[in-house]
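Assembly of the complex is requested from the two constituent chains, each provided in isolation within its own frame, with the hints serving as guidance.
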Amino acid sequence: MDRKIESFIQWIYSLRGDIASDEAIPAKPARFGDWPALDARLIEALRSRGIERPYSHQSDAISRTLAGKNVVIATPTASGKSICYNIPVIQSILNDESSRALYLFPTKALSQDQLAELYALIEETGVQILTFTYDGDTAPSARKKMRAAGHIVITNPDMLHTGILPHHTKWVKLFENLRYVVLDELHTYRGIFGSHVANVIRRLKRICTFYGSHPIFLCCSATVSNPKELAEMLIEEPVELISDSGAPMGEKRILLYNPPMINRSLGIRTSSIFEATNIAVEAISRNISTITFTRSRLDVELLLTYIRQGLAKRGLPGDLVAGYRGGYLPKERREIERSLREGKLLGVVSTNALELGIDIGSLELAVLHGYPGSVASAWQQMGRAGRRSDLSAAVMVASSFALDQFLAANPRYFFGASPERARLNPQNLYVLANHVKCSAFELPFSTTERFGNAKIDEILTYLERQGVLHRAGERYHWQADSFPAEAISLRSATSENYVIVDITDVAKPTVIGEVDRPSAPMLIHPEAIYFHGGKSYQVMELDEEGMRCYVKEVKTDYYTDAELAVRLQVLDVFEEAEGWGWGEVLLAAHPTIYKKIKLATHENVGYGHVHMKEEQMHTTACWFTPAEAALSLMDKDSQSSALAGLAHLLRGVAPLFLMCDRRDLQVHSMVKDPFLNKPAVYLADNTPGGVGLAEAAFGLRKTLIEAAAESVMSCQCEKGCPACVGALGASINAKETARRLLSTFEVT
Amino acid sequence: MSDMLSKLEKVLGRAGEVKIRTAQVQPKGLPPGEWLDQGVYLCEHSVSLSSRHGKVGLQNIRGAIKTLAPWGAAEEATLLDVETTGLAGGTGTYAFMAGVGTIQGEILIVRQLFLTSPQYESSWLYHLRRVIPEEVGFVTYNGKRFDIPLLEGRFILNRLPFPERVRGHLDLLYLARSFWRGVFPSCSLGDVERYALGVERESQDIPGWLIPELYHAFLTDGDASRLSGVFYHNYMDIVSLAALKGKLASLLEGHGKPHEGLKAGDLWASKGSQEKAFALWRKAVEEMARADEPLKRLAYAHKSAGRYEEAASLFEELLQLEPRSIECLVELSKVYEHHLKDLDLALAYARRALQVLMELRPLVWNFKEERAALLHRVKRIEEKCARRERHKEALESS
Chain A
8 MDRKIESFIQ
18 WIYSLRGDIA
28 SDEAIPAKPA
38 RFGDWPALDA
48 RLIEALRSRG
58 IERPYSHQSD
68 AISRTLAGKN
78 VVIATPTASG
88 KSICYNIPVI
98 QSILNDESSR
108 ALYLFPTKAL
118 SQDQLAELYA
128 LIEETGVQIL
138 TFTYDGDTAP
148 SARKKMRAAG
158 HIVITNPDML
168 HTGILPHHTK
178 WVKLFENLRY
188 VVLDELHTYR
198 GIFGSHVANV
208 IRRLKRICTF
218 YGSHPIFLCC
228 SATVSNPKEL
238 AEMLIEEPVE
248 LISDSGAPMG
258 EKRILLYNPP
268 MINRSLGIRT
278 SSIFEATNIA
288 VEAISRNIST
298 ITFTRSRLDV
308 ELLLTYIRQG
318 LAKRGLPGDL
328 VAGYRGGYLP
338 KERREIERSL
348 REGKLLGVVS
358 TNALELGIDI
368 GSLELAVLHG
378 YPGSVASAWQ
388 QMGRAGRRSD
398 LSAAVMVASS
408 FALDQFLAAN
418 PRYFFGASPE
428 RARLNPQNLY
438 VLANHVKCSA
448 FELPFSTTER
458 FGNAKIDEIL
468 TYLERQGVLH
478 RAGERYHWQA
488 DSFPAEAISL
498 RSATSENYVI
508 VDITDVAKPT
518 VIGEVDRPSA
528 PMLIHPEAIY
538 FHGGKSYQVM
548 ELDEEGMRCY
558 VKEVKTDYYT
568 DAELAVRLQV
578 LDVFEEAEGW
588 GWGEVLLAAH
598 PTIYKKIKLA
608 THENVGYGHV
618 HMKEEQMHTT
628 ACWFTPAEAA
638 LSLMDKDSQS
648 SALAGLAHLL
658 RGVAPLFLMC
668 DRRDLQVHSM
678 VKDPFLNKPA
688 VYLADNTPGG
698 VGLAEAAFGL
708 RKTLIEAAAE
718 SVMSCQCEKG
728 CPACVGALGA
738 SINAKETARR
748 LLSTFEVT
Chain B
903 MSDMLSKLEK
913 VLGRAGEVKI
923 RTAQVQPKGL
933 PPGEWLDQGV
943 YLCEHSVSLS
953 SRHGKVGLQN
963 IRGAIKTLAP
973 WGAAEEATLL
983 DVETTGLAGG
993 TGTYAFMAGV
1003 GTIQGEILIV
1013 RQLFLTSPQY
1023 ESSWLYHLRR
1033 VIPEEVGFVT
1043 YNGKRFDIPL
1053 LEGRFILNRL
1063 PFPERVRGHL
1073 DLLYLARSFW
1083 RGVFPSCSLG
1093 DVERYALGVE
1103 RESQDIPGWL
1113 IPELYHAFLT
1123 DGDASRLSGV
1133 FYHNYMDIVS
1143 LAALKGKLAS
1153 LLEGHGKPHE
1163 GLKAGDLWAS
1173 KGSQEKAFAL
1183 WRKAVEEMAR
1193 ADEPLKRLAY
1203 AHKSAGRYEE
1213 AASLFEELLQ
1223 LEPRSIECLV
1233 ELSKVYEHHL
1243 KDLDLALAYA
1253 RRALQVLMEL
1263 RPLVWNFKEE
1273 RAALLHRVKR
1283 IEEKCARRER
1293 HKEALESS
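In the order they appear, the protein sequences are chains A and B. In this text, residue positions in the first sequence follow our numbering: the first is 8, and each later residue adds one. In this text, residue positions in the second sequence follow our numbering: the first is 903, and each later residue adds one.
You can trust all of the hints, since none of them are fake.
Only part of the chain B face toward chain A is listed, based on derived beta-carbon distances under 10 Å: (1) Leu910; (2) Arg916; (3) Leu989; (4) Thr993; (5) Thr995; (6) Pro1114.
Cβ-Cβ distance ranges computed for the label pairs, FRET-style: (7) A:Ala319 / B:Arg1282: 44 to 54 Å; (8) B:Arg1103 / A:Glu552: 32 to 42 Å; (9) B:Pro1051 / A:Ala44: 35 to 45 Å; (10) B:Val927 / A:Glu621: 43 to 53 Å.
Quick caveat, the hints were computed from the structure, so don't treat them as lab data. Yeah, the Cβ is synthetic: ideal placement off N, Cα and C, and Gly gets one too.
Isolated chain B, as found in the complex (with noise of 0.2 Å):
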């Protein structure tokens, strides 16, 4: 041992056993395919639309565009995943395999770009580029703040121009998010996959944070077959992304569970398409057992919307669900005083929100706060209907 490695030792630890490759290896083990270039191996796949994903069809990628649109979606919709050797981020990290799915026809048609060493980085990503559309509209799981961004990052380091003209990209990560949080266990891809689609993968795939360490080991021996899980893994990954798109689409749409239907109308309100949104909760009014989250949600729409009859007659609909909401009797009184000009069922909805307060009040933490408002509220109204009838005495007698 040298003395520099002897104390190199004492100060940062053992150096370890990792086996240093001096010569260079030819990868053996690889899964069928073809050489593009020295280091850069593609594998492909065609899956066609017509067959089922779990217990999702595929033919609904096409269509999905158009509804996804105002999510990033677009033509030449291109599905990437990549599988690096680490999720820390910064320049360190490097991608070793991408998966592109693009639409052929009838036909999705999977590539694996596998890169077998980082010396052959740079013309890996020149093949990466060749394999992405040329006007690419990006759809993943997280691209937007891991897969893409490191793929940039790489570029630059290469000093290679990064595909310009991207017309979309949509992260199916978001809207899985909106409709599953707190419904599924997480919103990791497998799981969404699991309850979403209802996709069971083969034993052989492997957990994710497991593919950083069989890499370097593939590194250290050019033993490829321990990568059969990782090719695997991408290869479903691209193709939940293609039944994914689908099934989000069909939600959107309305084809969904009623609390899915719930949270579309929500997702459409937030891109400002009020008509979809007005017809999902609807319907979800409708279907949902407990109908309080999609009236709350109409009767608040309707008010803004300036149409305070139809908000009246919701928030009373809520009321029968929810007969001591201080928030529903609140805003009664609010749109009987200042819109339906009814200080009298004003009054008395605004004086029921105070008896409720009183009631409630061992559970409601800013009660003081709360008492003051509405004891405010009930005086202003009470003194406006005092005017209201000095006014009407003052008409009769004159």
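Isolated chain A (complex conformation) (with noise of 0.2 Å):
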């Protein structure tokens, strides 16, 4: 047996950072179960696969779905949850030539993994099973023969929002004999995107009942806490969960590493990513192979080119890695796939595009370069390294954020804890409200109707009145001569962009992106810097009526970073409990200067004023006051630095027990509040409408408070540093009031 992974682990332990845990997650063996009754061709053709016997979990899977129960599957990476869908499909499709399959995936690219797949195992049955992928790519000549004679049909939910559903007429054969509908990779279908997911499904289902087919879901979906509720949130039927995998597992090591503390006083440590490099390249050298996982696009870049330059100095050839991101071709990413399950490649550096269920092997080593922002991700970047049998180890280096210093500091949050729970909220208004009208596009309402298991009357009387709904008897016709589909988008609360147009050549100006409206006010603000295709570019002018951002290509050695001047109204409570409450806010927010700050140096080299219209939302948000005697105490300066320091420390940690991105929440401290009249703080969720976190966040007001106070003890610095109050912490002091502050909150 090789022992390359264990010497490896104790090289860890010779460097100088701080190894804050070391985990042995232990080696599992294979169980197995039976094929339930299935065609003698497939079990025929899994056989010459190489698959004897299902794991018991996958005949578990297959026997209830064969009896018609939706499943959720939640087993780790690699345990072969696509087996668990494509035999009942493909088992559907022998018995009853006419049935027909829906899958669905979030990503193009997942699509296009699971048809080679499918193909492979649907030769080998040896009758013509016709599969086709249904995406933006698909040409217009070989849509015609997939609506009549597809049996599986692959794609994602934003085609099929503005695809197939508002075209269902074309779609007959396949929705009259809708089977069974695949939804791989449930975790992703949360948050905003999640809510709108599973409106589609309200509207897919509606078009179902109305051809007279009541398919059934089969879901899988990675570590979350809660796959069973999502599944039934998604889809709003009863769904059965397996979760106990039968796949073997070989021993695996998780290390959280900590780069070492240069300076003491003001928290500040060796850099990760050259922590992260040095490790990485350490391994490929050892002959490891290794996947190093990073935050941004840029810093795959940076990583990659800097693990070449780590090679190269011992000797070896760079293209041992290769780089892997959104933004490059189809082609190139199927090649280095291709590379890394054949063993060519030893390394790749990639953002989360690979977090997701694409096929590469196992590897053996998993670096992570930074918390991935949610505990479920993490474990998916981890599971990347993983193998049946031998040992496997994953690295992860903790940046300068705070939540990965919180985390280094306490990972029984990471390790003991359950992973966090995957939220989405259906009944968004925003969101709900545009799928109705959706729906009512594709097919007339009853006055009576509910849409899932939302009630809509009014909202059907809403739209009635905007002229876009005709009530005639009992029945809401579409009376717009407009495309609803086409103007919401999945991926994003509101559809309303900025188009981004180069105009460096005023004789030719070009479309180079879109930034989504209520990011505009930071990044694409009047003079600000954009970064787009690694070149820089400045805002010339910024078209608020039209939508539309002009810039020009420079040269700079800055960047901008704006400041907004944030108003928050509170226009309905929903709960009050100890000084914590939460309901319905006005959220709105301009930028008023902006600093340029050096690239090399991250120093402050100047600032300029920004003049904007206020950008306003409607959202949700917790909130609390501190007690008067806590605050009496203080004076006017340290209220404030209090104030803030613990805001920061929120931002921080509070998105690790919401389980959302750090993106999806705002948190605001004001010494005067003027709806309270009081000094608050407050966690707004950053999408119009709100998707529940506000809520969350009110039922976990203490958790969230023990956890500031652990940050904040915890932190090694003295004053205040970005790990816990923020940047400008030490300058106001704010450790210690914030600490202070803190104290004064019953802790049970």
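Printed below as a string of structure tokens:
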């Protein structure tokens, strides 16, 4: 047996940084089940693919599906989940040629992968089962055949939303005979995207009912604590959970590595990107296949360059490692995936693009440059390293972000606590009303009809008053000359995007990208530096009416960082307790000034004023006001620094407990809140209408305060640092004031 | 205002002032006609085939079937045009009026089937099926992409069968585009009607984009008088279809202007009727002020049919018109080199082509490649000539 992973882990122990934790996940032997009654051709096909017997979870999932139950399979990466849905689907088509199935994957790349795997299995059965991918790349000539004859249609929610459902009369064969709907990577259907997808499924089910079919849903999910609840929220039917994996697993070591401290009083550690590079280079030189994850596209390029340089210093070829991220062409990606499977590449540097179930075989080591933002993502990424029998390892290198440092100091939150809940809110009014529109376009609503579980009579009345629907008899008919699905993007809450126009060559303006409206004040205010495709541009003009942003390419050594003036207005209080509350708010922001920050040194080299209209958003927020007594002991400056410090602490730790991205949440503090007439801290859902984060924060208020306290206590800096109370913390002594404020909360 | 409504307005904007009709109102102000069923209203018009539409007579519509058969014309010609609630496509758009024109004896009968509310659509479709002959040859304008797929979708939505025995579908837009793209401001039915048929619509006609709005207004108050323009518009569309069908057939038979004759030749060639195409192109050569286009077509057609003598003489004729056509010079060089076996002429044309290319140098974007190709051609012919000379000498010396 090779001991290279063990000796590599010993090498990590020899580094100067801290090993914050080292957990061993024991090996697990395989457990098998039996095939339920299947077509002999299918059993034979599986055998010739090298699958003699199913794992216990596979046989369980297949039997329940064949018995007509909806299931969600939540087992680890590489446990053979696709077998669980491919078998019932192929079986049903072998049984009845007219039977149809619809596969939904969150991204196009995944559909391509699935197609290859399905083809292989179908070919072995020797029966003609037509399988097609239907997405934006599908040639119009192929579409007609697909609609009429495709047994299995593979697509994504966006295409279902704009390309299939609004044209359902062209898909009669599919909808009349739809037996199975497969929803893979279910955990990605959370937040605003999940809320949209839940409504797309409502529309799908309405159309199925119209054509007399009642499909069974087969869902697969990576680690979340509530796969059953998530599936049931998405499809609004009972779902059976299968989570006990029978697939074998080799032993796995998980290390949390914190780069060495170089300035204790300021809490500065060596750069995590250099540490991650060092670890990856060492592993690759030891012939350990390694995947390195990082958070941004820019970091992928940086890491790739550094790792190649490191390998070159050791006399190793740089092309042992490749980069992988969104923005690479599909062909390049396929090539990289293949080289990884075949072992031609020893290393890959990726964003979370490779987190999803793309098949790259199993690697020996995963290096995470920074905590990816949620526990589920972290487990997904670490799951990329894992072998059926041998030892594998994952090393997470903590960055200077608050949450990373919090986890390094308190690893039990990562290992001990259950993974977070995936949240979505299909009743989000903005999302719901828009999909009612789309659905009314597809089929008239009767006046008493529900939309999934939602009562929508008032929405229908509203749409009638807008002139979009016309009520005749007991039904609402679509009456507008528009195609509503095209105006709604599933990936964001608002479909309004600024178009970025490059006018470097005035005679030839070119569109280079888009920025969603809520991000505009930060990213593309006038004079902002905007980065795109490795080039820097300056914003010359922002046309707020026409939603256009004109930029010119410039050479700069600085970037810009806008400061927002935020206004929060509580519109409706839903619940209150112990100085906390949550409810509906108006969140308004406009940029006031921007700072110019030097790229290499992060020095502030100047500033400018920004004039932009206020951006408004209706959402939900959770807030709290510290007790009078706690603040009465502090002067005004201390109060302000304590609140700012506390807001920064919560900004850091709250996403961990609310299972959301940092960008899903806004945290603000106010010394004197105009509504409450007191100092207050707000945690606001950064999605119009909210997806439930405010309510969740209200429910978890004690946990959040405890975590904030723990975060500030465990931080090793003296007066405050970016990892606890914020970069400005030291200058305003926020660490001390925030600690004093936190100590006044009742901690149980 | 309800709590929910105020929230909706916050999220999606003001509800607007559209009046909601609660009680069923009997439509008023409809043009003369009869009720076929609740919500389904029929207006019928007869037009004599001996009358004229604009500058064009309708009598040619009969004989047109034979000429137009390669483009989908069939017996039981049924002119069809629908008015809809929009152009967006998808299942949210429905038709509320169908104009159906059929020929009975010497008369064109135009039936307009009007739907007074979407709730009666199923019954409206049922009657539409009865108005359309059982075996039908559709004649439409853009019907292949719009009218027919839309109706098919509506039949499916109402779980009714669409007419099954469709013998043919002649979409006049395709032919109109072939003849008049780039000639008329657009190939919309309105422009084609104005410029090809000389029809001027009366002031009551309304532009197509206004129709969905007018119908929606009618649905809210039941006042159909505002739709008189829509009835007129639809009626005119059907009569224009009839006239246009005859007009296009006569163009295909060669009774048009010279440039139309050229296009007619192209259309026949695309359907494999070389004889008809040749005749039309020859006629165009005689009639057109500049005959280069039809000459070129004829020359290539003869060449690909293996009639090289004719092809060469046509290319030479073409060269008279365009002495600096590199394309033409190269074609002549090819024909003489490979087929007519006159190497001296082939060489002369190739060298001339090279010379022209040098003169036109600044205008030729792929000058380098063109020059290399021509040099290669010249060299090859020169070598062939040299070989021939050697061969000749060998023959003579022996």
